[in-house]
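Got two chains here, each in a separate frame; can you build the complex from them with the hints?
Chains H and X supply the protein sequences, listed in that same order. Each residue of the first sequence is one higher than the last, beginning at 1 in our numbering. Each residue of the second sequence is one higher than the last, beginning at 412 in our numbering.
Keep in mind that the hints were calculated from the coordinates and are not lab data. As the structure is a computational prediction, the values presented were derived from the model and not from experiment. One should not assume that every hint holds.
Computed Cβ-Cβ distance ranges for the label pairs, DEER-style [as the list claims (entries may be wrong)]:
{"id": "1", "chain 1": "H", "residue 1": "ARG233", "chain 2": "X", "residue 2": "ALA784", "range": "25 to 33 Å"}
{"id": "2", "chain 1": "H", "residue 1": "GLU314", "chain 2": "X", "residue 2": "MET629", "range": "33 to 41 Å"}
{"id": "3", "chain 1": "H", "residue 1": "ARG116", "chain 2": "X", "residue 2": "GLY416", "range": "56 to 64 Å"}
{"id": "4", "chain 1": "H", "residue 1": "GLN346", "chain 2": "X", "residue 2": "PRO537", "range": "49 to 57 Å"}
{"id": "5", "chain 1": "H", "residue 1": "HIS401", "chain 2": "X", "residue 2": "GLY489", "range": "48 to 56 Å"}
{"id": "6", "chain 1": "X", "residue 1": "GLY489", "chain 2": "H", "residue 2": "ASP334", "range": "47 to 55 Å"}
{"id": "7", "chain 1": "X", "residue 1": "GLY820", "chain 2": "H", "residue 2": "LEU383", "range": "41 to 49 Å"}
{"id": "8", "chain 1": "X", "residue 1": "ASP785", "chain 2": "H", "residue 2": "ASP344", "range": "57 to 65 Å"}
Below, in silico cross-link-like pairs of lysine-lysine (DSS-like), each with a Cα-Cα straight-line distance of 30 Å or less [what the hints assert, rightly or not]:
{"id": "9", "chain 1": "H", "residue 1": "LYS48", "chain 2": "H", "residue 2": "LYS28"}
{"id": "10", "chain 1": "H", "residue 1": "LYS29", "chain 2": "X", "residue 2": "LYS808"}
{"id": "11", "chain 1": "X", "residue 1": "LYS765", "chain 2": "H", "residue 2": "LYS48"}
{"id": "12", "chain 1": "X", "residue 1": "LYS808", "chain 2": "H", "residue 2": "LYS48"}
{"id": "13", "chain 1": "X", "residue 1": "LYS808", "chain 2": "H", "residue 2": "LYS28"}
{"id": "14", "chain 1": "X", "residue 1": "LYS470", "chain 2": "X", "residue 2": "LYS765"}
{"id": "15", "chain 1": "X", "residue 1": "LYS470", "chain 2": "X", "residue 2": "LYS808"}
{"id": "16", "chain 1": "X", "residue 1": "LYS765", "chain 2": "X", "residue 2": "LYS808"}
{"id": "17", "chain 1": "X", "residue 1": "LYS445", "chain 2": "H", "residue 2": "LYS48"}
{"id": "18", "chain 1": "H", "residue 1": "LYS48", "chain 2": "H", "residue 2": "LYS29"}
All residues carry an ideal CB built from backbone N, CA and C; glycine is no exception.
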Amino acid sequence: MTQEMLLRQIIDYANRADPYPLYTELRKKPVRQEGDELFVVSTYWEIKSLLHDPRISSDARNLSPGAAGTLLQEEEDSPLPPAFLRLDPPEHDRLRRMAMRPFGPPETPRRVYNMRGELARIVDDLIDGFGDRKEVDIVDDFSYPFPVTVICRLLGIPREDEARFHSWADIIAAGLDPDPGGDPGEQRRATHEARTELGMYLSGLIDERSGAPGDDMLSALVTQQGPDGQMSRMEVLSTAALLLIAGHETTVNLITNGTLTLLRNPDVLERLRNDSRLAVPLVEELLRFEPPVQLLPQRTTLADIDIAGTTIPEGASVWLVLAAGNRDPQRFPDPDRFDPDRPDIQHLGFGSGIHNCFGAPLARLEAQLALTALAHRLDGPRLLDDPPPYRQNAVLRGPRHLNIAFDGLRS
Amino acid sequence: MSGDGALERLRREGRIVIVGASLAGLRAAETLRKEGFTGSLTLIGDEPHEPYDRPPLSKQVLLGHASADRTELPRRHGLDAQWRLGVAAAGLDMAAGRVRLDDGDEVEYDRLLITTGVRARPWPHPAEAELDGVFVLRTRDDAARLQRRLAASPRRVLVIGAGFTGSEIASACRERGLPVTVAERGAAPLVGALGGVIGQVAAELQRAHGVDLRCGIMVTGLEGDSAGRLRRAHLSDGTSIDTDVAVVSLGATRNTEWLAGSGLGAGPRGIACDAGCRAFDVRGIVTDDIFVAGDVARSPHALFGYQFLSLEHWGNAVAQAATAAHNMISSSSERRPHLWVPAFWSSQFGVNIKSVGVPSLGEEVIVAQGSLADHRFTGVYGYQGRVIAAVSFDQTKWLEFYQRQIESGAPFPPEYSSVDRRTEGLRPVPADFPDPSLPTHGPTVTVSGYSPTDQRITFTPGRG
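Isolated chain X, as found in the complex (with noise of 0.2 Å):
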């Protein structure tokens, strides 16, 4: 379609589709409606559940606060969509504009959008990955069959990785009274998203509250009895753990398989669109009608210099899918580009964490208000003398300054007096970010350079 009277008639009676239909999906769809789109609207999900939200599922759902059904998204808007749940998308022509489900179907689009998202990244040994005790938690599902495992009062649960996933399950088995082993590669938890000094506290939380944690271990295997339940854990430094629980939390893997062969710049690392959400073919050009947005998305930032960022943040799926809805439907001087500065939040051991920028490009850190000591702080990062990044334990109220700080380029350290500075602020020290390509539980940010394509497409195996 070209010329303002293509855009009027895909406005009123063209197909979209999304494949995805989670959050950031449910939100394009909403954004699609509101901004006038009348045509037809397909949401396929692999998922057969509408559209619900994860971050309670490892904080109130594994707590029993909140039941692992009762967590759907609300509906903003109508959306007189056709829904089919339950059935992943298995493949894309582009040519054609169509996509294959794994039944068999195919639907045709004049629009697509892409919002495939992640799945928890399983445990590497696949026998060991079958016993009765060991656990992912990503989706809905996951979140009741943990639940309703932790309710049982297992003897003890191993959490294999501290990153913020695994760190709040340690944080609600320990409200829940039940033993807690975590074993964590690196030298402290978070440490992959947040760096080392910011870990140690992070460390400190977790064993102020009982947790048995292990840093600089790696766990070698999971043995299981004669009925195949999980019994023991083994470690790299020799030792071994007597466990009926373990959480595999080792970060997410992108869900761009049944892209595999199709044209498209998709790989482990995720989908490669330019700022205003349209994807790269793997010759790195721009296509007009495929769309990406949310967990799966890897988009150039302004901000960071232009480099693809890959962002697993809840606000940045709400953001990143209006933004793709507004430009799916809009000429291309009317379309917008996607300028969401990184944030994300996490409640573990009391602890409201919250974090904007990316910390993960920071050289250092400096304590700008508050003390590590009494677990109460806002860290900021520098980055080639400028403020790139801050982070903060139960000071959340700070962390819009900072934002901005972030946004104007403001220099790094800060030099100003302000409230609560301690004598810990005056100097910045290193972050301490282990090397970015050592395997751990996987940051939430991925800054992963300024090539739009992804050679490693072709090495990518198909699904099951």
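Chain H with its partners taken away, still in its complex shape (with noise of 0.2 Å):
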């Protein structure tokens, strides 16, 4: 097998149910040059050690043009600057910290603990409009709307407009995952189209709140005056998409991938139900299992980078395959098995560094709470489909449809 047609074989569709005996290939060789400008890199300790390597860069002004886009859909130009997730420090980090001011510690530590309950009762109203069906699609009825619905209370959008905010977030999560059959051009249209109508209204909000704050992140963010000032309204505007997009279509994936796992091992179900105390290391083996996001592909090196055998030259892309790195046998034992036992689960599933994931607090909660509802409330849960329909998407891979089975809901 050439080494061009394993990368393009992960990206090809038809392996999107199972990659990872590709990424077992793909580790024999920890860093493999595909192409002049692009390398990818599969490894436990190699992944991360450039995860926290200053001579890498995620800013998209240093990606070459040819490397990463002839593998990957463009994606859609946006009239907003980049967000903190495609910048380098000092403009990441300024607007990093001042995105997890109203977010986090250590200035709002218990932001995303107090919405506990309101997820539980997010969570028990989505599946209670199962109704009386035995039958339902977790993605569409359960797993896909919840992290709309979650962002939604998070940024304060009034529950008037939650339904817009829903419709805008569909097309921009189907303009990430193009579907083959349709017109690309007709997608990106109304791709397009959604994301600037999705800007006017965020507009209209942040200049609501910026005249009647409310406990809200938006209105946090349009106020803040913290040691690095305040955020500019297109600040403002794109670290609110990024917000949206970057915590949504992940945290579906995630508890779709934890519903579909969790029914391919009914004795880790049975064990969840009857102490939920387990959820916490479930999703964390999940993260390691299944990883939402399984390679980042958007880095680039500054210099040549010296790293396990190879260099890496100046100005390459470089693919982290995360997905690849958490089953690496070096770093975890046993690494096929899903086993929530673990003593040791430091998964690469949020990734590591300054880029690792804004919202992990937020998803774990929203994973561990969305897991165990199920596990408690479905009676007799089965798979209809296995493996299940997937999407296109290869880096944000996930199942498009999990149509599932059971006799009945408890209360």
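Encoded structure:
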């Protein structure tokens, strides 16, 4: 098998349901050159080391045009300035610090914790919404609507506008996952329109909140006067859009992958039903075993980097295959086994280093609550399709539908 | 004991004694049990408390956010140990394999681990040190006393010595809204540990937070009133400061006096041991049955030319204790060297400071990322053309990279491009460490040459 073929196979939709044998193949050469300017890194310690390497840039302006774009769908040209995900320090640090002030410690340590009760109610309402049905699609009926609703509440979107917000999110998410049978031009146009409308809507909301701030995150972003000063309107918009997009699809996949994995491991599901404390290590193991972000394709070298016997030259694109590192037998014994009892699950599911997942504490809590509630409330759940149909996207990998059957709901 | 049978017997029914029941002692005990030691285990500690964590004492405890009696270290394993707390070790008979306690009791051992650590260096003038209002900060009881006094809103707090502990105390006082004067003999705070270039940043931080910082100055006397309460401090520039609290933060003294005359290679700079944590005797011969770990140890380090290092670092205590415990019950081929790269952290004035390597060996420093003026940067230290240490102010996440640079002996100055490299990061400057022979607040890393023996042992007076 040639190197070139291997990466193309990973991107090939035919291998979406189980890319892990390809990752095993990939790890045989920890740092693999794929074409002139693209290097793929697949082993745990090498990925970890590059995530902490200041010679690696996340700034899209440093990305060489030829390398990554040929294999992955180019991102939508956004009218907004890049959010911190695609910036380097010091701009990244400043914006991320300002976004963190109203979200987490040290300034707001209880934001996520205080959402517990509300999150649990949203989950219960969604499960109640299954009604008398004995078959549901976990994606459309549960794991998809949940994170959007959570982000609406976090940002402080008024309840009456949540439906509009959902529909924009749907279209933007679909744009991240192009339908191979659809009209690409039409889809781009729809995505662009949804982004514009969402931007205008948020812009109006920002005006409202700067006059009459609430205790939501958008108000805090608009009005904060911290040591880093104030965010510009454009920065607030791009940050809010980042929280929506980065926090949405990934959480959908985490919960869907979790449901799928639990149904494939009924003994673990049974344990979770009897002891909800298992949810914490279980979600960590899930982030190792089926990470929602399979690889990070957006990094560039600012200098030559010697790693694992290879020199990645300055200006190359680097793909960090987190999901392959998570199954590196040099790091995790028996890596292809799903085992929430592992004494050491320091996975790469949320990345590492300065770009480690901003929303991780919220994503963890959402997944813990969602999976625990499903375990408690579904009577005799089982998979209808295994493997389920997957989305196109090789990076944000997850099922498009997850049809399950069950005998009834417990209250 | 010798031979495999003897080792098996030791692991099954041997007697292990650990002198020093703090972080290193506890972690060693846990490792012994985890690795299958089933014999008798005795922990001896001079404080009456079970092992507790010290880093919070100068931070959360002084702020009143956590109570001093709630800092016990979590237990990871059941220990099944005999605890002799509130009793100090008073002597060692190496030939008989016996530790003498200050209550007259004696405890016999087959293997001994010494983790007696350090204590706060007291104010040199005993009568002045006795004044009500003069404190040191090392133990839980020290922290509880100081916290109570700070809560009573003193007019001013004088911190003597601006090392890490002194600076953290000043930070906590400012956070409580108390007026603070810091008197430092060196040119800047943290200068012994991080050098003058980084020390200037620490000085700016202190002043920006309202500390009355006075460098290049010594406190020459503490004056009390007729009731024995501290009222005033006299400084070497002829001025004086009215204050009712003084915290003496002049570094630490190693708890080795109890070993005077024992024949062990112990002295004011610690107890010398080999890379496998086995103690040296005064002749420079390594012992078979006595091991050392934590703040009190001096051990040679491969990354620093096999010079002996003493590290007053939390992480070192944990790592060295685990290595010592493993080696105590292993055959020579299974023993491991202690290869920990020095690392420590501090939080003060809202900034998270972290360091890896041995900055005080650095000849030059370069601001590899960020900017000194922003008080947010990563400084990299060079020694003889290679990277020897790094320190970050609010940029902790990059240090893992620089640790690997240290481990691999990467060239200094770094010449590659990186994110956030500013113009000040283009050229290294002298790191500006003070002459190490001048006493100051005391660096937390001490490099002490190649000799395993410390002849000054004979000059060490006994305690009390």
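> Which numbered hints are broken by the structure, listed smallest first?
Replying inline: 2, 6, 7 and 8
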